[in-house]
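Top line first, the protein sequences correspond to chains A and B. If you're matching positions, the first sequence starts at -2 in this note's numbering and goes up one per residue. If you're matching positions, the second sequence starts at 35 in this note's numbering and goes up one per residue.
Mixed in with the good hints there might be a few duds.
Stated by the list, open to error - A short, non-exhaustive set of chain B residues, derived as facing chain A with CB atoms under 10 angstroms: (1) Asn36; (2) Glu47; (3) Thr58; (4) Arg63; (5) Lys173; (6) Asp193; (7) Arg200; (8) Pro201; (9) Asp207; (10) Asn210; (11) Gly233; (12) Ala234; (13) Ala236.
I should point out that these hints are in silico values taken from the structure, not numbers from a laboratory. Glycine included, C-beta positions come from ideal geometry on N, C-alpha and C.
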Amino acid sequence: MGTTPSDQDEFARFVHATGIQLYRTALLLTGDHHLAEDLTQTTYAKVFASWRRVHRAQNPVGYARTILLNTFLSHRRLRRSGEQPGRAADLTETLAGSTYEATSDADPSTRVDLLAALARLSPTDRAVLVARYWEDRSITETAGDLGLSEAAVRTRSKRALERLRPLVLDLSPEGIM
Amino acid sequence: MNDLPTLMRARVESEHPDLFALTTGSIRRGRRIRHVRYAGAALASAAVVAGVALGAITLAGGHPSATEVQPAAGQSLDISSPAPRPSPIPLDLSPVTGGKLVVPPKAASGVHSLENLTPMAPGTVGPRPERKPFRVTLKGWTCGPAADEKFDCIGPTDDGAHVVWRPASDHADWANGSPDKQADWVSGVHDGVFVTIDGAAAQELGASLVWK
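Bound conformation, chain A alone (with noise of 0.2 angstroms):
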């Protein structure tokens, strides 16, 4: 099954009205812009092999969150197993060693603090904060988003939250206000 010219441009308008929000949550769940870029056009790549399908479902926005998570999660895991070479080892190398640089123009003690303590997170746990706090998930939704149970999801939160809170200097102790 082919795609026609309409079908790339529904799918181009669709990346144009989520790619910003989508690349965030890469950004956040990465910590650096190659990766980011990379993952997010990885997710659309997929989205696009199963565009017409996507297209039909409910909710295509949830649907390409949902294989973000699960790829970036993927990456990890066959580079875990020795399996996944290439770009895979360059995200864990970063994830292990924080080697983020500040780029954007935002306060650089805030960017530097959070993005560094996020990967010192296990990639788990960064996602369960990303899908909670910054895709403002609830509980129930990232726990199917991330083939989680809904106790590990809060077990998961709240220790990241705990490993979170001393290396984040403006972070409230809550988390969430």
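Please build the complex by placing chain B on the supplied structure of chain A, with the hints as guidance.
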């Protein structure tokens, strides 16, 4: 003091991807994924057809005593001559028009199936398929063939999982979570092996395993 959502927004609000490059790159890579997917489906279909044909040939030639000799089209069978001896090579791959495929009695009883075919003889072209000691039955997931006691599965949203079966002697390390031996899901031991699964739906996949 700020809450985490506020800090996250402050950090990334000035970040803007190149949406045009993102769109064109995604379409290019998406087409490649689709081609690979279709090629894989075509290969799988061809493999199934080849497997069925091989199975039929093996069943027909595996029991010389059950072989019926039928004249090919345009030939007559001389019943006055001595009965033909079974060929030491049971497979006759020359084209025969109007020939008849004879199924040995065992197969006629329904005992034979592709699952029960004996391994191919050494020297046979192509890798020998590896039998999985279990099946993954989670709805919407498709698993590839096993090699080196591992295989990958793909879910309905294109997310993947990696499944490995391992000797029971390693189970304690994996169950206790040694630093270099961790998986998202670890089974109990069955018939000398256990299974580890890494992937987004590892728990659900693990729960769906049916041991053979």
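These are the hints, each one checked on the structure:
no.	hint	result
1	Asn36	holds, 5 angstroms
2	Glu47	holds, 7 angstroms
3	Thr58	holds, 9 angstroms
4	Arg63	holds, 4 angstroms
5	Lys173	violated, 14 angstroms
6	Asp193	holds, 4 angstroms
7	Arg200	violated, 12 angstroms
8	Pro201	violated, 17 angstroms
9	Asp207	violated, 15 angstroms
10	Asn210	violated, 17 angstroms
11	Gly233	holds, 7 angstroms
12	Ala234	holds, 4 angstroms
13	Ala236	holds, 7 angstroms
In summary, the numbered hints that this structure violates are 5, 7, 8, 9, 10.
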